[in-house]
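K.L.:
Those protein sequence lines, which keep their order, are chains P and S.
Those letters in the first sequence? Residues 244 to 692, per our numbering, in order.
Those letters in the second sequence? Residues 244 to 692, per our numbering, in order.
Any given hint might turn out to be false.
No copy labels: a pair is met if it fits in one copy or bridges any two.
[Unchecked claim] Each computed DSSO-like pair below joins lysine-lysine, with the alpha-carbon atoms no more than 27 Å apart:
| no. | residue 1 | residue 2 |
| --- | --- | --- |
| 1 | LYS603 | LYS354 |
| 2 | LYS611 | LYS551 |
| 3 | LYS642 | LYS517 |
| 4 | LYS354 | LYS613 |
| 5 | LYS477 | LYS517 |
| 6 | LYS348 | LYS603 |
| 7 | LYS475 | LYS354 |
| 8 | LYS514 | LYS524 |
| 9 | LYS348 | LYS611 |
| 10 | LYS611 | LYS354 |
| 11 | LYS551 | LYS348 |
| 12 | LYS551 | LYS475 |
No lab work stands behind these hints, which were simulated from the structure alone.
2 protein chains.
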Amino acid sequence: MQMQSSCSLPRPKSPPMARSSIIPSSLSDVLVFTAGAFLALLIFLGLYSFLSPTPIPNRLFSFSPSFSSTSSHIDDTYDPPDETFYDDPTLTYTIDKSISNWDEKRRHWLKLHPSFSGGRERILMVSGSQPYPCRSYHGDHLLLRSLKNKADYCRLHGIELFYNTALLNPSMNFFWAKIPVIRAAMLAHPEADWIWWVDSDAIFTDMEFSLPLDRYRAHNLVLHGWPELVYKKKSWCSLNAGVFLIRNCQWSFDFMDEWASMGPQSPDYEKWGKLQTSTFKDKMFPNSDDQSGLVYLILTGRGGWRDKIYLENEYYFQGYFAEIVGRLENISARYIEEERQGPAVLRRRHAERVFASYAKEMNVQLGKQKGADTGPTGWRRPFVTHFTGCQPCSGDRNKVYSADNCTLGMYKALNFADDQVLRIYGFRHASLVSADVQPLPFDYPRSEE
Amino acid sequence: MQMQSSCSLPRPKSPPMARSSIIPSSLSDVLVFTAGAFLALLIFLGLYSFLSPTPIPNRLFSFSPSFSSTSSHIDDTYDPPDETFYDDPTLTYTIDKSISNWDEKRRHWLKLHPSFSGGRERILMVSGSQPYPCRSYHGDHLLLRSLKNKADYCRLHGIELFYNTALLNPSMNFFWAKIPVIRAAMLAHPEADWIWWVDSDAIFTDMEFSLPLDRYRAHNLVLHGWPELVYKKKSWCSLNAGVFLIRNCQWSFDFMDEWASMGPQSPDYEKWGKLQTSTFKDKMFPNSDDQSGLVYLILTGRGGWRDKIYLENEYYFQGYFAEIVGRLENISARYIEEERQGPAVLRRRHAERVFASYAKEMNVQLGKQKGADTGPTGWRRPFVTHFTGCQPCSGDRNKVYSADNCTLGMYKALNFADDQVLRIYGFRHASLVSADVQPLPFDYPRSEE
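Just chain P, same shape as in the assembly (with noise of 0.2 Å):
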């Protein structure tokens, strides 16, 4: 690796280490002094340089020598001969082979790789659609939509996004396909230490929050649910299968493997059907499907996976549309007073880049209003807004929800998650339904009084 200009100082020069009879006795101290100032600094520089290089962005590959890229910094793209686990034949892509010591690999290919380890946990955002255009009308540009959302979210927040258009396993198709897509996912991507499995109906309704990963740390994966819905209700809506983080380790491949064996390319797949419906008495639809099975484990207590299984329930870490739509117009006009009464710092522009800095001054200021709470009955954005049950692509939604719950609910909330990006180039949408835009005048919202 090269090294970083910034971290590579010039060496010194070799001290000297014998003092000499002719040297008078303080200038020999100097000297001795001296010499160890000097071997310090050379001992400290090699340490320095071995432990602790800077993750720094990828240099590129040149299309010809002549266009080579001038400036020289480490590069953390290159990629060492010593073998890993890359280079094992026995090793596969694919969910119908399980893998053994992931830990052990992934730590050897990080020691092999330093730039990626060390600093703020890693996530890779993962979701997907299907290959061919939706049946529904408004289908394939609410996907779009959202895969705007998600790309915002990610460049807001420093974090990887992958979207998948591939069905990797052709049985298991529907709400299983994302299991192949992220065990494949959690393979190229060893230095991530998160996979975060998004489905392509939740929006990011709050592009100011970040996950609170330090309350997950003794956990392996977060789904937002219910225990109590759990053990005493036993609904197979107690948590919801759309939305989770799932830990970069052994454990989870073991773990998707078990929650893969429910799946439809399973010789168990009609067995687990008939067992999730005469345990969840509210289950629709006969067969096994991903979210039943999850709540089966956790139920049951079947393989222990359980203890490391987090259940958030604090934060819309996934929130049910229906009970957030109808109150995002209340919610934008609530923070928009905010802004106007609040410091000036809460109105300030500033590049997209330093969003989170600002994000920071607004949470101080909700920490001071009664109500800013999350949930059903506080004005706080919701994080993220899951539009389950409507079938965007489809259009085969619950006949619970209207077309216009659905499809107008999703509208609202691309644009509400809109409206705070293109704050950030000087605009907002007329209003929560309507495409139009507008500029925002100097202070804005201030400059409205």
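Assemble the complex: chain P is given as a structure, and chain S must be docked to it using the hints.
P.N.:
Positioned in the frame of chain P, the structure of chain S alone reads:
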């Protein structure tokens, strides 16, 4: 700024500086030497932490104090309170008002945000499409796949992507709509050295290729085009205005003001329509358009802009789809053959984050092969394949092209690109026209011999 933990080592204890008279002289030498060592380390750590802050990922805003991130590092999202251009009430994001002294304003902002200075040049890719569903059946699905394609390219190359779906100036629609977006993006991203506008119907078909930015160091605007077609043929198609690089500088703001003055919101719109139509005999419609306007400025030298405009044609900075799509199967087969015959490193599985290293290896391999050129007779992957004239969203394609040619062509290009990404996840398409994917065996494609 807080210090990155890997940069701040535990401070050593205070060194003993005086030599006691009861300590033997050899031991006293040791003490003096050690004292020198400690003092040097103290001084070095102090100077280093002061002079060399290291850029690292954003520290994210926490939901509440109890959920704060435990890792401490330099916060490059910090925005000092010092006044910048953002605090100037006369500066607007909208296109109707000119900006002046942008280079100085940007320089000042960068000085206050040193983590964004230096290193390789930063690019922000900008693209977009309309805020309502497409008229044609495949339209939005192709836009979705195209956005995914751009997101893939940007993820592989460490480039940020902003996809816009808002019409910022209601009068500047269709091809004019990009100018207000680019302008707003420059203001929102002062850290970006270049804005790379890429039309929604332009697909990245060589994931390994990086822009040779050194080539453009003396220019501010880069487009694909041919000077001879500008000056000799006087063709409105002598360049393509759907893909370009524009430097984030004062020249570009001034240029965009002039360029936009030919647009529908301008009182000179009709005059420009007549002027362009009379100048370019092959112009296909009477209204002023952005592309003809650009050619006009280069042809006539009006405004002196052309000295800073680079017409690139030595590679497919953007490539005309009709001369590309028929060759994609062959190109794909040639690359597979190179990987099969070439050194093992070309077939080695690897993490996505070290993609660039392997791109470099392939580039070396291709450099040895005859015919591995870019252009209509070579078999090098085209960098960008642009379906100009296909209008996948409205369906109002140029009748010279069949629907198949356009739609099928786009799917082929998208799958061709997707194969390069899916490879990293262990899969590839069954064919360029198939949505089905297959797992790749170890040592593919040599394993298929």
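K.L.:
Now look at each hint and say whether the structure bears it out.
P.N.:
The hints, checked one at a time:
1. LYS603 to LYS354: Answer is between: at 23 Å across copies they meet the 27 Å cutoff, but 34 Å inside does not.
2. LYS611 to LYS551: neither (34 Å within a copy, 53 Å between copies)
3. LYS642 to LYS517: within (25 Å within a copy, 56 Å between copies)
4. LYS354 to LYS613: Close neither inside one copy (48 Å) nor across copies (39 Å); limit 27 Å.
5. LYS477 to LYS517: within (15 Å within a copy, 73 Å between copies)
6. LYS348 to LYS603: between (37 Å within a copy, 26 Å between copies)
7. LYS475 to LYS354: neither (46 Å within a copy, 59 Å between copies)
8. LYS514 to LYS524: This pair counts as within: shortest intra-copy Cα distance 16 Å, inter-copy 72 Å.
9. LYS348 to LYS611: Neither: 47 Å inside a copy, 35 Å across copies.
10. LYS611 to LYS354: neither (45 Å within a copy, 34 Å between copies)
11. LYS551 to LYS348: Answer is within; shortest intra-copy Cα gap is 21 Å, inter-copy 51 Å.
12. LYS551 to LYS475: within (20 Å within a copy, 71 Å between copies)
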